[in-house]
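Chains as they are written, first to last, in the working numbering: chain V, 1 to 251; chain L, 252 to 695.
Source of the hints: derived by calculation from the structure; they are not laboratory data.
Just so you know, these numbers come straight off a predicted model, no measurement behind them.
Don't take every hint at face value.
Within a straight-line C-alpha distance of at most 30 Å, the following computed DSSO-like cross-link-like pairs (lysine-lysine) qualify [claimed, not checked]:
| hint | chain 1 | residue 1 | chain 2 | residue 2 |
| --- | --- | --- | --- | --- |
| 1 | V | K153 | V | K110 |
| 2 | V | K20 | V | K3 |
| 3 | L | K426 | V | K141 |
| 4 | L | K617 | L | K510 |
| 5 | L | K510 | V | K141 |
Some but not every residue of chain V turned toward chain L, in silico, with C-beta under 7 Å [unchecked claim]:
| hint | residue |
| --- | --- |
| 6 | S50 |
| 7 | R52 |
| 8 | L84 |
| 9 | I92 |
| 10 | T103 |
From chain L, some residues computed to sit far from chain V (all C-beta separations above 10 Å) [claimed, not checked]:
| hint | residue |
| --- | --- |
| 11 | D304 |
| 12 | V327 |
| 13 | A329 |
| 14 | R433 |
| 15 | G461 |
| 16 | R480 |
| 17 | R565 |
| 18 | E567 |
| 19 | G593 |
| 20 | A624 |
| 21 | T634 |
| 22 | A642 |
| 23 | S648 |
| 24 | P652 |
| 25 | S663 |
| 26 | V687 |
Quick reminder that beta carbons are idealized off the backbone N, C-alpha and C, glycines included.
Now for the letters of each chain:
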Amino acid sequence: MLKIDNLHVKLEEEDKQILKGLSLEVPAGQVHAIMGPNGSGKSTLSYVLSGRDGYEVTEGSATLDGESLLDMEPEERAAAGLFLAFQYPVEIPGVGNMTFLRTAVNAQRKARGEAELSSGDFLKVVRAKAAELQISPEMLKRPVNVGFSGGEKKRNEILQMAMLEPRMCIMDETDSGLDVDAMRLVSDGVNALRSPDRSFLVITHYQRLLNHIQPDVVHIMANGRIVKSGGPELALQVEQEGYGDLLAEVG
Amino acid sequence: MADTAVRRKDQTPSVEGASRPANALDARLAALALPQGGFTAAARRDALARLRDMGLPGPRDEYWRYTDPRPFNAPVTAAMPIPEGQETPLFDGLDKLTLVFVDGLFDEAASDDLALDGVEIATLAQADGAGSWAADLYGTLEAAGQNPVKRPFAVLNTAAAQDGLLIRVTGKPSKPIHVVHRRASDSADAVWHHVIRVEEGAELTLLETGMSGARSNSVIEVDLAPGARFHHVASKRAVDAKVGIGHIFARVAARAQFKSFTLSVNGTTMRNEAVIDIAGDDAVAHIAAAVLGDGGKAPFHQDDTVFITHGAERCESRQVFKKVLKNGAEGVFQGKILVKPGAQKTDGYQISQALLLDERSQFLAKPELEIYADDVKCSHGSTTGAIDEEALFYLRSRGVPRERAIVFLVLSFLADALAEVEDEAIRDCIYERLDVWLTLNAVQ
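Input sequences plus hints: build the corresponding full structure.
The structure is reproduced here in structure tokens:
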């Protein structure tokens, strides 16, 4: 599904290398977690994959089902099936959540040559999915993320994911700022989306999220590279021992 | 600071300033058909005298520092082509009383009957010979609004207005009045003047759309009795080059509510002046504007000049001005809040913001506060910025194409101004139309 090979990325504005030869492969249907200390380049990876400006790829490749992501505009990557759940979802006053979501869904369908959803059909689907995430009809009407609590914003991200039905979901510290109940809701939402042809890359600081969303593989990222990969037990080890010993071990 | 500058100029008039006005004004007046007036005769004579005293503005006038007055000073306006093709009228879906003006003159055949429960409506041209309740109001608020800042084109308007509406509201009409402006001649100088009085406890919504004349000069005088409510929503879209100056003079009595929102889209030189006198306790005055300016086809310059005077206690005023500029477009905002001695518990708010879609466009803002009461809350802010890249990326990452995402962000930027349109159905009409215009050509 997602294949990243020897990816080197630097910031455009300052000559600072962030990713230094990162390689990673997430097969279809799997959940991979990335953990790593602050500044290891986790968020940069999620931004580079989804096409945010400000980064320059100096070497390496990233493909989704064999298609190079790096040559595509962000909206093309979305239509190709990539989704990034933001660590800090952006507030957009004056644009209704529902209007935004319908525009996004239909823009993607159009880009893929599928028929657009009618308002009625869209409404039916979005209401059902919102209810599962305990997102009230009132929240759907409000401007995008405006006045939403931290938990509501993250649930709104999962709602977008559920509506857009991406095949490759990247979640950038979706657990940050969530209380226990909100984390369960978000995790249930994600777990409901797990399927043999959908993959997840879950970036997190804490093992706790991985109790709810159980990963197939855990990667440890440091200094712009994956330095160690293993099973769920790797996350537990980090939680108990910190990164110090692990990083010393891999040099 | 503005006042100081004006006084300094008065003390030492420049040679240019001393010699220019008389000739220029004579030429300007000679090119106009000046109605003699019936009930307005005295007001028109008074206005002419005031105008001769005042002269036309020059570039050295403080309030004309950012906007070139020459297009308005010129005796004859340059011909402006009339755009081809008609789009669906803006408020087509709403129930309303439609009154049509063509190049500033009332078009009876194209209009609904002047009949609406709770409202007396007459046209200025027809009523002028007969007399009107408006006799003691025509030109009065305009004249009062000349101090401390001179507004010579409003004076010119009082002297030269060809037509307009005289609206007296005594009840709560079931629907809004919609004034539609159309153009017929490519070189018409349209001068119209509405006088509106909303009596105690009465309410009116006035919608205005379209443009009259190749050059337009409008005055709306609004007198609100205690507890009256007036809601004004205007949409001025100049598809091709267009020169226009509009004025609103409002007097707001106790507990009355004045709200005005103007959408301006394109045009060569457009200036909107608002002078609001909050005269009674517990009154509310809001004025807002959304501007879309594209300097691509023709130079774009749009100026909002606002003066709000708080002369009573516990009153609220709010100014919300938002301008989206591209292709070298220029936006100007000059907004002042004057709080008079004794106007305690005043709540004054002013925000002016520009969204520049490229580096060639510019926004000039001059916010002013002048406060002579000690127990007031007044704030002002002004910002100029570009499209928020973070938000743009967020929208695009969901699959929304870049062009569409920018339309969303422009609408988002304008939202606070549009929120000043209270009626949801009216606001929805404006949102839908803005969306169409933006998608067509206003942003790229």
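For the pair supplied as a hint, L/K617 and L/K510, confirm whether the alpha-carbon distance does not exceed 30 Å. Holds: L/K617 and L/K510 sit about 22 Å apart, inside 30 Å.
10 Å cut-off, C-beta based - L/A642 kept clear of every residue in chain V: violated (5 Å)
If you draw a straight line from the CA of L/K426 to the CA of V/K141, is it 30 Å or shorter? holds (27 Å)
Please settle this one: L/D304 was flagged as non-interface, so is its CB more than 10 Å from every CB on chain V? holds (46 Å)
Beyond 10 Å from every chain V Cβ: check whether that's true for L/V327. holds (42 Å)
Run the distance test for V/K20 versus V/K3: straight-line Cα separation, threshold 30 Å. holds (16 Å)
Per-residue hint verdict: V/I92, partner chain L, C-beta under 7 Å: holds (5 Å)
Hint validity - V/T103 Cβ closer than 7 Å to any chain L Cβ: holds (6 Å)
Would the non-interface assignment of L/A624 survive a Cβ cutoff of 10 Å against chain V? The assertion about L/A624 holds, with a minimum of 33 Å to chain V.
Per the CB criterion, is V/S50 less than 7 Å away from chain L? With a minimum Cβ separation of about 5 Å from chain L (threshold 7 Å), the hint on V/S50 holds.
Confirm or reject: L/S663 is not an interface residue toward chain V, with every Cβ-Cβ distance exceeding 10 Å. violated (4 Å)
Is L/G593 truly not at the interface, in the sense that its beta carbon sits beyond 10 Å from all beta carbons of chain V? holds (37 Å)
In this structure, the earlier hints numbered 22, 23, 24, 25 are contradicted, and the remaining ones agree with it.
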